[in-house]
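S.K.: Please put together the full structure from these sequences, using the hints given.
Residue strings, one per chain:
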Amino acid sequence: MAINIFLAILVTSLATYISRFLGVITSKKIKETSKIFKWFNCLAYSTLSALLARIIIFPAGALVEVDYFIRFIVVFICLVVFLISKRNFVYPTVLSALLLAFLSSNL
Amino acid sequence: MINTKYFIKGFFCIKSANSPAIALFASFIAIGALFKSIGFSIQESIFSTLLTYALPGSLIMAESLILGASLLNIFLAVWLVNARLYPMTVSLFPLLTHKSQPRLKYYLACHFIAVSAWLIMKENYKSVKRKYRLDFWIGVGVANLSVAVLATALGFFIADYLNKDMMIGLAIVNPVYFTCVMVGAMKTIQMCLAVILGSILGILFYFISPEWCILLGGLTAGTLAFFIGELHGN
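If you're matching them up, the sequences are chains U and E in order.
Under the numbering used here, the first residue of the first sequence is numbered 2, with each subsequent residue one higher.
Under the numbering used here, the first residue of the second sequence is numbered 25, with each subsequent residue one higher.
For the record, the hints were derived by calculation from the structure and aren't laboratory data.
If a hint is listed, it holds; no wrong ones were tucked in.
Calculated lysine to any residue pairs in the SDA-like style (CA-CA distance at most 25 Å, straight line):
no., chain 1, residue 1, chain 2, residue 2
1, E, 146, U, 95
2, U, 39, E, 254
3, E, 129, E, 153
4, E, 146, U, 89
5, E, 146, U, 27
6, U, 87, E, 36
7, U, 87, E, 39
8, U, 36, E, 153
9, U, 36, E, 122
10, E, 29, E, 41
11, E, 33, E, 121
12, E, 123, U, 18
13, E, 146, E, 46
M.R.: Below, the structure written as structure tokens:
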């Protein structure tokens, strides 16, 4: 490996902490009842959704090995399980791992 | 310093039924195993989760190291993927501020911002007195970070026993959990639009720029959702 792992870890944590730090500074001037606060709330949820969609459709890491269609089916089935189980979070999460591991080893 | 009663109350939120603990655990086991496979030591793996904690950033770092990217490249890639922590902080910390809390505590407590702890806090802040919300938050954060660190260590040690299919299974847990959470959060027009437009635009912007798609897609979608929601009285 060309560069020092320790330095890479430090750089990664610094790049991550910056956004949190700037967030605290901005928070000082924002009231929870203001429109700006609501806007930031929308931004938080939409960026999280954008990240999720990206991870599912254009993943990095182990998920690359699974066909796009299989990933999509698994997420869809788990979402249906979530909705019909009266919004239980445990069933869909456990099911997702088993289902995808099964499908990727058998298809 | 920290109110112990509220710290403990926050800490044990990790045990609740809709807690992100399972998703957090599964995804950090995968990260621990990944770290081992790219040549990290156990100390470096634990150190990395402890210092960064936000998962997509760690994944980017690992991939960049495999590709032999420079430190500057790693910095930019991680910053871009983790910049979502900025709106997340701004949409959480105004709820935690109280004049009795020292300023420095906020700068330390913001380290715990990652989607799992953030969601617990968003759901529970109303039940905690404003004065103690920061202490409660620190409890939530410490619990989540502990789960992440333990899972990283475990993943590192069991890496040799995890085959490819198991790694794939572990990798899907986190996205599925958070997809459920996002769907669960769609209670107003504004939230529905933020989530739906965010996913669609995140993907569309990927074709323009894979690096910037999360930020540009999120910014456009969130702003649209906000204005449409305001026009319809939320």
